[in-house]
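Trainee: Each chain, written out:
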Amino acid sequence: MIKPERSRNYQNRIQDALLKPNLQETLGKFADAYVLAREAAFAGQDFEALRDSIAEIKDEVRNNLPKYLEEFTTNAEAAGAKVFLAKTAEDANRYILDLARARGVKKIVKSKSMASEETHLNRALIEAGVDVLETDLGEWIVQLAGERPSHMVLPAIHMVKEEVAELFSKATGRTESAEIPHLVRVAREQLRQAYLDADLGITGANAAIAETGGLALVTNEGNARLTSTLPKIHVALVGIEKLVPTLEDAHNIINVLPKNATGQLITSYISWIRGAVPCGDAAKELHIVLLDNGRSALAESAVCRDALRCIKCGACANVCPVYQIVGGHVFGHVYISAIGIILTAFFHGLDNAAELVKACIGCRACVAVCPSKIDLESIILHLREVLGEEEGIGTGKSLVFKKIMRNRKLFHGMLRAASLLQKPVTRGERSIRHLPLFFSGLTEWRTLPAIADKPLRDLWNTLPQKLEKPRYRVAFFAGCLNDFVYPELGQDLVKVLNHMNVDVSFPLEQNCCGVPALYSGDRETATALAKQNIDAMLQSAPDFVITTCPTCTMSLQRDFLDLLKENPEWTSKAQQLSAITMDISRFIVDELDGSSAFAGVADLSSVTYHDSCHLKRGAGVWQQPRELLERSGHTLAEMAHSDRCCGFGGSYSFTGHPEIARRILADKIRDIETSQADCVAMDCPGCLMQIKGGLEKQEKPIRAAHTIELLAEALRKTKFED
Amino acid sequence: MDDFIAALTKVNGCCEQVADIGAAAAYIARHSDGPLLLPPQPSLLRIGLREELVRAGLPVIDNDWRAQAPTADSGITGANFAIAATGSIVLDSTQEAVRLASTLPERHFVLLDPAKILPEATDGIPIVRRIHQETPQTYLAYITGPSRTADIERVLTIGVHGPAELHILLLPGLSDDPMES
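Quick mapping for you: the protein sequence lines, in order, are chains S and X. Quick note on our numbering: the first sequence kicks off at 1 and runs consecutively. Quick note on our numbering: the second sequence kicks off at 1 and runs consecutively.
You may find that some hints are simply not true.
DSS-like mimics (lysine-lysine), calculated; alpha carbons at most 27 Å apart, straight line [unchecked claim]: (1) 10/X with 29/S; (2) 10/X with 312/S; (3) 717/S with 454/S; (4) 29/S with 403/S; (5) 697/S with 20/S; (6) 403/S with 312/S; (7) 312/S with 82/S; (8) 469/S with 10/X; (9) 232/S with 82/S.
Here are some, though not all, of the chain X residues that point toward chain S, as calculated from beta-carbon distances under 7 Å [to be verified]: (10) 57; (11) 70; (12) 128; (13) 137; (14) 155.
Taking CB as the label site, the calculated pair distances span [claimed, not checked]: (15) 115/X with 44/S: 25 to 31 Å; (16) 123/S with 126/X: 56 to 62 Å; (17) 189/S with 29/X: 43 to 49 Å; (18) 155/X with 3/S: 50 to 56 Å; (19) 106/S with 19/X: 48 to 54 Å; (20) 106/S with 33/X: 45 to 51 Å; (21) 106/S with 126/X: 23 to 29 Å.
Calculated directly from the structure, the hints in this document are not laboratory data. In this text, a Cβ means the ideal position worked out from N, Cα and C, and glycines have one as well.
Using the sequences and the hints, build the whole thing.
Mentor: This is the structure:
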């Protein structure tokens with residue numbers, strides 16, 4: 001599809017999803033229940049160790065695929081199965097269709113198989129005149145609706161019971177009431193005869209075990225057991241990434257799968273099927289179709305190959321704030337959510353993934369729960385770069401990144417000019433409440449902060465620092481928002497660190513950290529900015545580089561290393577910078593052991609804390625700011641979903657997906673309000689801009705502040721006043 | 001055994017400790033409502049369950065499985081072993097009759113010797129391996145509670161395609177051999 005048309009279609013689908021009644025409520029309710037159920041399911045277990053083991057099993061198979069393929073095939077065929085390796089989706093479909101024709105098959109029953117969704121098997125069979133019936137309840141519902149599953153584990157999660165009742169009424173010709181037990185009963189009765197009549201049953205598999213040549217199938221409803229028992233022919237369509245070496249490996253995966261998928265300890269049924277088992281008076285005809293369809297290509301990609309570890313649990317959707325707003329029909333192609341973006345790129349082509357790649361807000365919630373330890377966000381960023389190179393990133397963005405941002409003086413000069421140009425809309429205030437004409441959408445749901453009259457870099461020399469024997473000398477990496485929008489945060493930082501006897505410098509050559517360019521797919525600009533910043537920050541040989549923005553922290557700590565990994569000279573500099581970079585709360589608590597220095601300085605007020613995505617799931621910092629807030633005298637009133645994204649996501653909330661960002665923010669504001677705190681604290685100027693903007697626009701009497709701002713304010717009010 | 005019962009109850013399974021074969025037959029009589037599929041299970045044959053059920057006046061089906069299974073009310077099987085941590089029973093279902101009895105009817109009754117209960121899932125893997133080694137074709141089922149779904153609005157509903165009731169009867173002295181069911 002050509003790009004403008006593709007983008008338009010995609011934007012239309014987003015709008016449709018936003019208008020769909022109940023969708024956000026249904027998905028939100030599930031997300032809340034899921035988090036609790038999952039926690040209970042893993043109680044007493046070491047999730048990190050479990051996922052290390054799954055990653056190891058999957059990598060072992062990926063690295064030695066021919067060996068395990070051969071072992072599996074030999075053992076399966078010795079037990080009477082026939083194994084076919086399908087290079088492409090078409091090969092798989094053709095094999096199954098040829099088999100169906102050769103055996104005169106008229107009716108097929110199927111249990112849930114994502115691989116068959118991937119190959120569009122139903123369509124191929126139905127076009128050839130074969131009757132195909134999905135028997136998994138959710139799959140049957142979406143089949144009746146003419147849709148595709150919107151979740152890998154819960155195909156019909158986007159529907160309410162009334163919609164299901166309507167579909168079932170059409171199928172039975174009666175009026176079926178919208179009561180769930182009744183609807184389940186209808187499915188049982190309607191599908192029962194189909195199992196008995198079918199000539200062929202199709203299933204997927206959760207593991208193909210090389211040691212035995214057998215398959216393991218995990219189900220709750222019992223439909224896969226019927227599908228693999230009653231018809232005389234059984235076809236299992238299985239992705240080659242499902243191979244595992246041993247029975248123990250299969251057990252390890254099956255132990256984690258239901259817990260991570262829905263918070264269920266174990267599914268009702270686990271079936272271990274090997275070979276041509278008895279069927280009536282004869283032996284069952286078992287065909288195992290092993291599907292490659294892009295998996296070998298994925299294994300070749302050093303950056304993306306970890307995606308092959310996926311066990312299809314769907315957890316990345318369950319915790320995704322974007323999924324919770326738009327659902328899997330928008331945020332997915334066949335495979336959905338974060339893993340879906342990557343698998344779509346390899347199984348269905350980059351073109352089908354191009355819009356989805358932009359839909360990720362980068363909050364890393366999925367990375368935290370992935371049972372196979374896939375760094376989904378990094379792979380998605382890489383795909384964005386590939387697309388940026390292939391399709392371009394848009395002329396506007398390209399001009400800004402390449403011509404302006406890389407030239408620090410020009411970029412900063414333009415920001416200064418913008419500070420003057422905005423006067424007519426700010427009317428001298430610090431927040432922009434309305435924007436004229438076609439920009440008005442941007443301030444419809446949040447105010448935007450004005451660019452400060454004077455950036456931090458111009459104020460720096462006016463900040464007195466009189467430390468005689470400082471404990472450390474640190475350099476401050478401010479980031480654009482801190483420098484140009486919230487310069488007072490820099491002053492607060494100096495106040496707080498001086499109080500701890502730490503001297504702070506501001507290297508003037510520092511530039512944007514490069515994240516906006518990198519996240520838009522412009523690696524070249526990000527690399528140029530990395531070099532500028534490394535030189536700037538290391539110049540005065542500081543003991544530490546301190547940040548107030550966790551996205552900048554991740555850029556300096558992690559992304560620069562990756563951007564410069566091909567270049568040995570720069571690699572060592574990047575490592576040097578990475579090793580001494582940290583955010584302010586961690587520096588105070590972990591390096592200075594300094595939370596006691598703030599004991600009781602603040603007036604007692606109730607504060608709730610918002611965990612910024614990149615601080616908690618990037619830098620691993622979440623206890624430290626809470627410790628600072630509590631020690632300084634605030635009471636902490638935890639909000640629900642404190643670590644769910646606020647919807648900022650940089651340009652995501654401006655030009656990419658403002659309507660999604662707006663709804664994610666609305667949920668956040670609701671959680672903040674429910675906590676009944678007077679103030680919401682956070683450690684990220686991006687989140688601050690988003691949350692403050694939302695609170696102001698809705699005229700909520702709740703303050704939003706950076707933790708450092710609260711600490712500095714408390715110091716100013718106490719005996720530590722200069 | 002306590003752990004097994006607790007875990008099974010949590011997943012909506014029923015568990016009853018029975019003293020002897022007569023008590024087992026009486027329990028099945030109370031909880032079934034129609035033809036009983038009784039596939040040839042070594043442990044059940046040995047203790048004469050069929051005779052006991054017939055004596056109790058219950059309609060037992062022990063042939064022509066394919067034709068009779070769709071209208072049967074219940075299926076009765078033994079078990080190779082069970083897992084306390086999850087409340088699961090593990091049943092070699094390679095014989096088609098065992099599969100039909102444990103998938104199609106509304107109810108599934110399982111007679112299990114409590115001596116076969118292992119603490120954790122991992123304890124069962126060596127047995128699963130032995131079963132694979134000793135039978136050229138294998139259909140092995142882990143069964144944990146009745147058939148369930150949450151596909152409509154995430155509401156847990158019991159009894160979709162498989163049995164809506166799972167009754168485990170704990171009968172000491174039945175068989176402690178995990179290679180037979």
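Trainee: Run every hint past the structure and note whether it holds.
Mentor: So, going through the hints one by one against the coordinates:
no.	hint	verdict
1	10/X with 29/S	holds, 23 Å
2	10/X with 312/S	holds, 26 Å
3	717/S with 454/S	holds, 25 Å
4	29/S with 403/S	violated, 46 Å
5	697/S with 20/S	holds, 25 Å
6	403/S with 312/S	violated, 43 Å
7	312/S with 82/S	holds, 25 Å
8	469/S with 10/X	violated, 65 Å
9	232/S with 82/S	holds, 14 Å
10	57	violated, 28 Å
11	70	holds, 6 Å
12	128	holds, 6 Å
13	137	holds, 4 Å
14	155	holds, 5 Å
15	115/X with 44/S: 25 to 31 Å	holds, 27 Å
16	123/S with 126/X: 56 to 62 Å	violated, 44 Å
17	189/S with 29/X: 43 to 49 Å	violated, 27 Å
18	155/X with 3/S: 50 to 56 Å	violated, 42 Å
19	106/S with 19/X: 48 to 54 Å	holds, 52 Å
20	106/S with 33/X: 45 to 51 Å	violated, 35 Å
21	106/S with 126/X: 23 to 29 Å	violated, 44 Å
Checked against the numbered hints given earlier, this structure breaks hints 4, 6, 8, 10, 16, 17, 18, 20 and 21; the rest are met.
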